[in-house]
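Residue numbers (the numbering used here), protein chains in the order written: chain A, 1 to 163; chain B, 1001 to 1807.
If you're looking for bench data, these hints aren't it; they were derived computationally from the structure.
Please note: incorrect hints may appear among the correct ones.
[What the hints assert, rightly or not] Pair ranges (Cβ atoms, derived):
| hint | chain 1 | residue 1 | chain 2 | residue 2 | range |
| --- | --- | --- | --- | --- | --- |
| 1 | B | 1196 | A | 130 | 55 to 63 Å |
| 2 | A | 155 | B | 1739 | 19 to 27 Å |
| 3 | A | 73 | B | 1631 | 52 to 60 Å |
| 4 | A | 85 | B | 1009 | 53 to 61 Å |
[What the hints assert, rightly or not] When the alpha-carbon atoms are kept at most 25 Å apart in a straight line, the in silico BS3-like pairs for lysine-lysine are as follows:
| hint | chain 1 | residue 1 | chain 2 | residue 2 |
| --- | --- | --- | --- | --- |
| 5 | B | 1422 | B | 1325 |
| 6 | A | 57 | B | 1035 |
| 7 | B | 1174 | B | 1187 |
| 8 | B | 1325 | B | 1418 |
| 9 | B | 1163 | B | 1149 |
| 10 | B | 1035 | A | 147 |
| 11 | B | 1322 | B | 1418 |
| 12 | B | 1423 | B | 1447 |
| 13 | B | 1163 | B | 1086 |
| 14 | A | 159 | B | 1024 |
| 15 | A | 147 | B | 1024 |
| 16 | B | 1325 | B | 1192 |
The C-beta atom is built at its ideal place from N, Cα and C for all residues, glycine as well.
Each chain, letter by letter, is given below.
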Amino acid sequence: MSDIKINMTINGQAVETTADPRTLLIHFLREDQNLTGPHIGCDTSHCGACTVDMNGKSVKSCTVFVGQANGADIVTIEGIAEADGTLHALQEAFRQNHGLQCGFCTPGMITRAYRLLQENPNPTEEEIRYGISGNLCRCTGYQNIVKSIQIAAEELSHKEAAE
Amino acid sequence: MNDQTPISREERIEKLQGLGCSRKRVEDARFTQGKGNYIDDLKLPGMLFGDFVRSPYGHARIKSINPEAALAVPGVLAVITAEELKPLALHYMPTLAGDVQAVLADEKVLFQNQEVAFVVATDRYAAADGVELVEVDYEPLPVINDAFKAMDEDAPLLREDIKDKMEGAHGPRKHHNHIFFWEEGDKDGTEKALDDADVVVEELITYQRVHPCPLETCGCVASMDKINGKLTLWGTFQAPHAVRTVASLITNIAEHNIRVISPDIGGGFGNKVGVYPGYICATVASIVTGKPVKWVEDRIENLSSTAFARDYHMTGKIAATKDGKITGLWAHVLADHGAFDACADPTKFPAGFFHIVTGSYDIPVAYVGVDGVYTNKAPGGVAYRCSFRVTEAAYLIERMIDILARKLDMDPAELRIKNFIKKEQFPYQSALGWEYDSGDYHTAMEKAMTTVDYKALRVEQTENRAAFDRGETRSLMGVGVAFFTEIVGAGPVKNCDILGLGMFDSCEIRIHPTGSAIARLGTISQGQGHATTFAQILASEIGIPAEDITLEEGDTDTAPYGLGTYGSRSTPVAGAATAMAGRKIRAKAQMIAAYLLEVHEGDLEWDVDRFQIKGNPEAHKTMKEIAFASYNQAIPGLEPGLEAVSYYDPPNMTYPFGAYICVVDVDVDTGVIDVRRFYALDDCGTRINPMIIEGQVHGGLTEALAIVMGQEISYDEIGNIKGATLMDFFLPTAVETPNWETGHTTTPSPHHPIGAKGVGESPNVGGVPALSNAVHDAFAHKGLTHTQMPHDHWRVWKVAQKLGLTD
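Let the sequences and hints guide you as you build the complete structure.
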């Protein structure tokens, strides 16, 4: 099949290119756009390592064709920090609270939590646990991930109150 | 160069961020921003992709392979089969266990998803297209996937390649599907203890086949530079130096022409110890094409072809007096090693350290025998988040103790305490030949029982059982107790090697003129945070703040030789090497300081970050000053510079231990188990970074939960692997995972330079029996002695049904 035209916004930057229509979004991001933050852990959309934000929703980019993302606004882990390099509260909280070990699930986990806290800025522990249940971690037992997200949520609401 | 503003001694200690502080991890900045560098992130100019054609059968003869249609796919460059590898003598490779394994199937396949052909293409999609189009004609053969039938007289011959080789790597083979028999201990004495005992309990306890399943699968990029003859192999290797040596032996490329690099590794848990056909095929493809070749397995390939764990059928017998004093332990294991014996164990120990099976108890006589057999399953047999076969041993003894307690009508905690090795018995010589370095089991157990208020839990359980019998609840409460002793830190070169490579480890330190440093180790982190913790060890040894020490691992061209990271060996072995190398630095620094201060070395004492004149602390030289002096002063009798290397051969293993207690509620109508509480007390000796220790315990317990509550790699009767995707293979999500409570006691190892023992694997070793014992305990009063794991909803419901508890 001949390549199709691709237009999308990735981390605030307009991207205009072409791609083989069967290319998965995760491969497009990692191999064509060199955004290797999102990872591939399972190929069956169970592990969530490939989670990116697409039009304001968390999606598993291993089960989205690049064509389906045409026109979309995509945010990956590389686009979560502020433009001046200031880390997002989640990135800071994960580091402060030992919310990661091998780091392989971390980009997907933080990207998911980034959306979760916009959907629900003050989640309970249970809501956090359900909210990240599409993202698997093999190292941490989730305990410090949940804690990191709780602390980031508090941090973000203080910030919002101050503004 | 004296310090500008003097700071207090306490401030100087704090500034070091040394031993015992919860230093934040230096690794996290890149991981939280998506800037990790894992194997699949590596992209080289002109890089090709390899993908495997795999067997759909568990056992079949290959009649023909036709690559024509695959080769016609645009982008497909080559299809490699065993025929292409034979002239290079690469169609088989040596395994870590003294066997050989087919790199690409040679005339027949022995397990489903075995590697049959390797398709090389310009991109991963073309390679996958090629895989679909390679035509392989098979003739199915009868399958053995029940280890108990492997040595039947009429059992089909699996390994035709070694059918005449009846002397295996570990002695004579007694059947064509037999691999080895290994034994340890006093057989006659143990049988006599069983004959003479007041009470004997016996049980067949199976530890099912599971898989380490790190979130990142295995992979590599091989790049042969034909101009300088140098092969660079990047990969998910838990033991990069061993991979270099093995690669050299297999390919006949001189070892100095091979550079192995382990980049960031997305979890290992034992999965990334082995050498897999993908590494060989990518290397061959790179040599043939002159281009870099990437191979990264997908999740199905990972679960079905690289590195299973466990699959031990263990029969245990315990002899005891009627008041609960254990007088002997007998065990036999039928070990299912799959189609090739690729278990990762030190050479002399084909069943690993399974003979730690006497556990935490003072058992006067014991015997173990292990038979390894071939079946039509994937090869592997790695230590999944445990030292070699230690979790199997801990599961057997800890289940058997509970079974004995039930038989004697004793409380399982009380029975354990009665048989513990006492503090004053350390160093303790076990009946199966180990010398336990240190322990204080009674204190640990007492602390755990007090923390959870064990007595109150038993009272509550009695009430729950009465309420259940009255029909007021459909939930049964179970209390699980486990007390484990690990054996980690392999190990002393005198009895531990892998493929002849002694299991020492190493650290090299270079102090820079301005007083910062780089340290390189023979190990490789896979999430344990080595760059953070080893810098802490060094900070305390050499007085340079941890933040001023770069820690590097994984590049064989720069790091000193070491045997890698698995079996909780990094802290016991490489951690010791780090401390020892630091002490060499300090010894030279003392000579430099003596010269600078114009005193005798003996007049100096070390204090945090400096040498000072005894009785006159104002007269001192800090390590920073000494570092600079080592580069600019001509000191008589001393070479310039400040560097050291240490290769540490541990005198003994270390023996971490722990007391785990958990409480579960079992819904008898659904089989759903709720882990209400889990308290894990770990004693890993000196604690380097409490934050990281707790994180390791949380993660290990979650892996134990996965194994106990659902993980199983099983096969149907015609050899199909059931459930090799994450849809079927149970990995708990945040919803199923409880909050873990942690605690500790500290009993330093007497032979380790800083007293540390290692912790990463303890929670898996102790967590499995604690959780399983809790499930059994819930049903014990209804007559349940033992039921095999995993305790998933269906199986637990079946237990309840069998006991007549459901409608």
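Taking 25 Å as the top limit, are the C-alpha atoms of residue 1325/B and residue 1192/B close enough?
holds, 16 Å
Taking the Cβ atom of residue 1196/B and the Cβ atom of residue 130/A, is their distance within the range 55 to 63 Å?
holds, 57 Å
Holds or violated: are the alpha carbons of residue 147/A and residue 1024/B at most 25 Å from each other?
Holds. Residue 147/A to residue 1024/B sits at ~15 Å (cutoff 25 Å).
Is 53 to 61 Å respected by the C-beta to C-beta distance linking residue 85/A and residue 1009/B?
violated, 37 Å
52 to 60 Å as the expected CB spacing between residue 1631/B and residue 73/A, which holds or is violated
The hint (52 to 60 Å, Cβ to Cβ) holds, given that residue 73/A and residue 1631/B are roughly 54 Å apart.
Hey, residue 1163/B versus residue 1149/B, does the alpha-carbon distance stay inside 25 Å?
holds, 18 Å
Would you check the hint for residue 1422/B and residue 1325/B, treating anything up to 25 Å between C-alpha atoms as holding?
Status holds; Cα separation ~14 Å.
Would you mind confirming whether the straight-line C-alpha gap from residue 1322/B to residue 1418/B stays at or under 25 Å?
Holds - the C-alpha atoms of residue 1418/B and residue 1322/B are around 13 Å apart, at most 25 Å.
For the pair supplied as a hint, residue 1423/B and residue 1447/B, is the alpha-carbon distance within the 25 Å limit?
holds, 15 Å
Within a Cα-Cα threshold of 25 Å, do residue 1163/B and residue 1086/B meet the stated pairing?
With Cα atoms ~19 Å apart, residue 1163/B and residue 1086/B stay inside 25 Å; holds.
Does the Cβ-Cβ separation between residue 155/A and residue 1739/B fall within 19 to 27 Å?
holds, 21 Å
When you check the alpha-carbon spacing of residue 159/A and residue 1024/B, does it fall within 25 Å?
Holds: residue 159/A and residue 1024/B sit about 24 Å apart, inside 25 Å.
Violated hints amount to a single one, hint 4; each of the other numbered hints is respected by the structure.
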